[in-house]
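A.B. asks: The chain contents come next:
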Amino acid sequence: EDQVTQSPEALRLQEGESSSLNCSYTVSGLRGLFWYRQDPGKGPEFLFTLYSAGEEKEKERLKATLTKKESFLHITAPKPEDSATYLCAVQYNQGGKLIFGQGTELSVKP
Amino acid sequence: GAVVSQHPSRVICKSGTSVKIECRSLDFQATTMFWYRQFPKQSLMLMATSNEGSKATYEQGVEKDKFLINHASLTLSTLTVTSAHPEDSSFYICSARLPRGTGAQSNTGELFFGEGSRLTVL
Numbered sequence: 001e002d003q004v005t006q007s008p009e010a011l012r013l014q015e016g017e018s019s020s021l022n023c024s025y026t027v028s029g030l031r032g033l034f035w036y037r038q039d040p041g042k043g044p045e046f047l048f049t050l051y052s053a054g055e056e057k058e059k060e061r062l063k064a065t066l067t068k069k070e071s072f073l074h075i076t077a078p079k080p081e082d083s084a085t086y087l088c089a090v091q092y093n094q095g096g097k098l099i100f101g102q103g104t105e106l107s108v109k110p
Numbered sequence: 001g002a003v004v005s006q007h008p009s010r011v012i013c014k015s016g017t018s019v020k021i022e023c024r025s026l027d028f029q030a031t032t033m034f035w036y037r038q039f040p041k042q043s044l045m046l047m048a049t050s051n052e053g054s055k056a057t058y059e060q061g062v063e064k065d066k067f068l069i070n071h072a073s074l075t076l077s078t079l080t081v082t083s084a085h086p087e088d089s090s091f092y093i094c095s096a097r098l099p100r101g102t103g104a105q106s107n108t109g110e111l112f113f114g115e116g117s118r119l120t121v122l
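If you read the sequences in order, they're chains Z and R.
Going by this note's numbering, the first residue of the first sequence is number 1, and it counts up by one from there.
Going by this note's numbering, the first residue of the second sequence is number 1, and it counts up by one from there.
There's no promise every hint is true.
[As the list claims (entries may be wrong)] Simulated crosslink set (DSS-like; lysine-lysine; CA at most 30 Å straight-line):
no., chain 1, residue 1, chain 2, residue 2
1, Z, LYS68, R, LYS41
2, Z, LYS59, R, LYS55
3, R, LYS66, Z, LYS57
4, Z, LYS97, Z, LYS109
5, Z, LYS69, Z, LYS57
6, R, LYS66, R, LYS55
7, R, LYS66, R, LYS41
8, Z, LYS57, R, LYS41
9, Z, LYS57, R, LYS20
10, Z, LYS59, Z, LYS97
11, Z, LYS109, Z, LYS57
12, Z, LYS97, R, LYS64
13, R, LYS55, Z, LYS57
14, Z, LYS69, R, LYS41
15, Z, LYS97, Z, LYS57
16, R, LYS64, R, LYS41
17, Z, LYS59, R, LYS66
18, Z, LYS97, R, LYS20
19, Z, LYS97, R, LYS41
20, R, LYS41, Z, LYS63
21, Z, LYS109, Z, LYS79
22, R, LYS41, Z, LYS79
23, Z, LYS42, Z, LYS79
24, Z, LYS63, Z, LYS42
25, Z, LYS42, Z, LYS57
26, Z, LYS68, R, LYS64
27, R, LYS55, Z, LYS42
28, Z, LYS97, Z, LYS68
29, Z, LYS109, Z, LYS42
To be clear, the hints were calculated from the coordinates, so they are not data collected in a lab.
Computed from a prediction, not measured in an experiment: that's the story for all the values here.
I would like the entire structure built from these sequences, with the hints used as guidance.
C.D. replies: Set out below in C-alpha cells:
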C-alpha cells in the first residue's frame, strides 16, 4: 500500500538549534516528493520538489534531501518564525494526485 | 510563485443549507484542480480531482452527490457542499497544477494550494 510517514509528529527546538524532519515513503513509481509549510488556518505553502534520489534543494535555512526511501528536511539555526507544520507529500502517478504525510509540527522558542 | 485563491475563507451555515467554495488560479491556466479536506491536527485528504470541461473524479468514500464540483473554465473550480451537516465542518483546500511544460519538470508539474476555506455547519 502506498504510504507516507513523517516523524517526529511534533518537534520543539530552541532558536538556533538545528535539526531534521523525516519523511519516509513506500510508493511504486515515485514521480516527485513535495515539501510544504502550513501555518494554522492557512493553506500549504510550497517549499520544494525533489524528483530523484541524491537530489538536494535549499532555501534560506531549509535544505531538503531525497533517497530512494525517505526525504529529510534539515533546518539550520531555526528562528521562531520557522514555527509551523511541515508537510511531506508524494506524487506517484501522472495524474498529479498527492499522498500526504501526517505532518511535523515544529515549534521554535526564542 | 503561482497563486491560487479561494473564497470564502470562512463560512458559517445552518444545517441543511448548501455552501459554494470557489478556487481560482490567478496567473496560470489550470486544466486540473484538486480538492482536499483537512480535519484538526490531521493531514490533507484528497476528495476529488476537478477536470476542466469534464466530470470530476472522486476518491473512494467521497459522495459525489454531496460534494458537487464544477470546473467550468481554466481558472475556476467550485466545490458545493449540498445539504450540509455538522460533520461536514472542516477545512477545505484546493490546489491547482501547473500545466505540462511549465515548472521544473514538465511531466509532474508543481501543485500550489489556495488559502483554504473553513466551513462550520451549525
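A.B. asks: Hint by hint, note whether the structure agrees.
C.D. replies: Each hint tested on the structure:
no.: 1; hint: Z:LYS68 to R:LYS41; result: holds, 28 Å
no.: 2; hint: Z:LYS59 to R:LYS55; result: violated, 38 Å
no.: 3; hint: R:LYS66 to Z:LYS57; result: violated, 41 Å
no.: 4; hint: Z:LYS97 to Z:LYS109; result: violated, 35 Å
no.: 5; hint: Z:LYS69 to Z:LYS57; result: holds, 17 Å
no.: 6; hint: R:LYS66 to R:LYS55; result: holds, 15 Å
no.: 7; hint: R:LYS66 to R:LYS41; result: holds, 24 Å
no.: 8; hint: Z:LYS57 to R:LYS41; result: holds, 28 Å
no.: 9; hint: Z:LYS57 to R:LYS20; result: violated, 38 Å
no.: 10; hint: Z:LYS59 to Z:LYS97; result: holds, 25 Å
no.: 11; hint: Z:LYS109 to Z:LYS57; result: holds, 26 Å
no.: 12; hint: Z:LYS97 to R:LYS64; result: holds, 18 Å
no.: 13; hint: R:LYS55 to Z:LYS57; result: violated, 37 Å
no.: 14; hint: Z:LYS69 to R:LYS41; result: holds, 25 Å
no.: 15; hint: Z:LYS97 to Z:LYS57; result: holds, 22 Å
no.: 16; hint: R:LYS64 to R:LYS41; result: holds, 25 Å
no.: 17; hint: Z:LYS59 to R:LYS66; result: violated, 41 Å
no.: 18; hint: Z:LYS97 to R:LYS20; result: holds, 23 Å
no.: 19; hint: Z:LYS97 to R:LYS41; result: holds, 21 Å
no.: 20; hint: R:LYS41 to Z:LYS63; result: holds, 25 Å
no.: 21; hint: Z:LYS109 to Z:LYS79; result: holds, 8 Å
no.: 22; hint: R:LYS41 to Z:LYS79; result: holds, 23 Å
no.: 23; hint: Z:LYS42 to Z:LYS79; result: holds, 20 Å
no.: 24; hint: Z:LYS63 to Z:LYS42; result: holds, 23 Å
no.: 25; hint: Z:LYS42 to Z:LYS57; result: holds, 24 Å
no.: 26; hint: Z:LYS68 to R:LYS64; result: violated, 36 Å
no.: 27; hint: R:LYS55 to Z:LYS42; result: holds, 28 Å
no.: 28; hint: Z:LYS97 to Z:LYS68; result: holds, 20 Å
no.: 29; hint: Z:LYS109 to Z:LYS42; result: holds, 21 Å
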